[in-house]
Amino acid sequence: MTSRPGSPRPRAANRPRASKGSGRGRTAQRGLSVAAILGFSAALITLILDQVTKLYSLFVYDLPVKEPVEFAPFINLIVVWNRGISYGLFQQNSEIGRWGLIVISILAAIGLSFWIRRTTAKLLAVSLGLIVGGAIGNVIDRLAYGAVFDFIQIHIGSWSWYVFNVADAAIVAGVVGLLYDSFVLEGRRAK
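First residue of the sequence shown? That's 1 in full-length UniProt numbering, and the numbers climb one at a time after it.
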């Protein structure tokens, strides 16, 4: 069958139609957006880095026996068992407090994961992923040890910053990314 010039071409029977939901930022018709893939990848990488550094420091390097270790002129490696949230806030000394933090962290990670799934903003998704990965990393510590293993101490002379771990650093970086996205990028996307 031939078509005349200017007339519409017949659609091939086996060629799929583009759906209304397909568009920029989607990897498949019902798949994750590129932003969501980046966000979940950030969560997974954060979780792996956090757990590998903790396990290595505790069981391979044996930091509890060797502490304090001068890693750099302004970084020491020491052992601190944190029963609160990031950077020692809201210390919990009871089992109820410990389990409360576990439940809150898991619920927050689930809620943020839904947000990652829905967003198409890449920085927002990565920031959320950093928070999710960090929260899960610290939940694993609470379940395994009863407290979070913190071991990185930044200091200048006698002044010392909080002792933290990779999960804590990722959570802070994620919050900074969320703030930047909210106050700077959100307005640009709205235009």
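No lab work stands behind these hints: they were computed from the structure. A portion of the hints provided could be inaccurate.
Label pairs and their computed distance ranges (CB to CB) [stated by the list, open to error]:
| id | residue 1 | residue 2 | range |
| --- | --- | --- | --- |
| 1 | V52 | V103 | 22 to 30 angstroms |
| 2 | Y180 | V60 | 32 to 40 angstroms |
| 3 | I37 | S158 | 44 to 52 angstroms |
Positions of the beta carbon are idealized from the N, C-alpha and C atoms, including for glycine.
We went through each hint and held it up to the structure:
no.: 1; hint: V52 x V103: 22 to 30 angstroms; result: holds, 26 angstroms
no.: 2; hint: Y180 x V60: 32 to 40 angstroms; result: holds, 36 angstroms
no.: 3; hint: I37 x S158: 44 to 52 angstroms; result: holds, 45 angstroms
Violation of the numbered hints given earlier is absent; every hint is satisfied by the structure.
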